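Using the sequences provided together with the hints, build the complete structure.
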Amino acid sequence: MSDSAPTVYLEDLMIDQEITRTFQVTDAAISAFAEVSGDHNPIHVDEAYAAASPFKGKVAHGMLAGAYISATVAGGLPGWGTIYVGQTLSFKRAIRPGDEATVHIRVKDINLKTAHVQLQTTVRVRGKVFVDGVAEVLAPKKPVTA
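Residue numbers (UniProt numbering): 1 to 146.
Worth flagging that the hints you see were computed from the coordinates, not collected in a lab.
All figures in this text were calculated on a predicted structure; none of them were measured in a lab.
Okay, the calculated beta carbon distance ranges per label pair:
{"no.": "1", "residue 1": "Leu89", "residue 2": "Ser53", "range": "18 to 28 Å"}
{"no.": "2", "residue 1": "Ile15", "residue 2": "Ala48", "range": "44 to 54 Å"}
{"no.": "3", "residue 1": "Arg93", "residue 2": "Ser37", "range": "15 to 25 Å"}
{"no.": "4", "residue 1": "Lys92", "residue 2": "Ala28", "range": "19 to 29 Å"}
{"no.": "5", "residue 1": "Leu112", "residue 2": "Gln87", "range": "18 to 28 Å"}
{"no.": "6", "residue 1": "Lys141", "residue 2": "Lys56", "range": "46 to 56 Å"}
For lysine-lysine, the following DSS-like pairs were computed, each having C-alpha atoms within a straight-line distance of at most 27 Å:
{"no.": "7", "residue 1": "Lys113", "residue 2": "Lys141"}
{"no.": "8", "residue 1": "Lys108", "residue 2": "Lys142"}
{"no.": "9", "residue 1": "Lys92", "residue 2": "Lys56"}
Quick reminder that beta carbons are idealized off the backbone N, C-alpha and C, glycines included.
Below, the structure is given as C-alpha cells:
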C-alpha cells in the first residue's frame, strides 16, 4: 500500500466526470468472496450443482460486482477518504468466471453544502450492462492548510 492514492476532492468534482476500471472475474475471486461473505450458495461454488441450474454453470455473486464498484469508487472516483452512504443495484445478467467486468462510474449530482455525491454505477461484460445502480457517497474535502 502506498502513502497516497488518487483522490478527487469534493471541490474538484464535476458533473459527468467519470472513471472506468476493469476486473477479471476468476474462480479464485469468487471463492474468496464466498469465504469473506459467508455466502457458499452452490450456484457460485459447486460446478456440478451449477451445471444443473438455469444458469448452466457457476456464476459470480452479484455482490462481487458491488465490491468491484466499491473498489472503483474508493480507488479512483472520488478516491481515498470517500464514505459510502448508500447503493442501489439492479442485476440484469449473471457474471461468470472468466468474464472481464468493466465498472463505469459517472458523477450525477454534487451537493457542495453536504458533501453528498450521487454516482451512476454500471458494470458491463462484453459491452452489455450486467449490473447498474446509483451510489451515494460523502466525498472527501480538500485538506485545510495553515
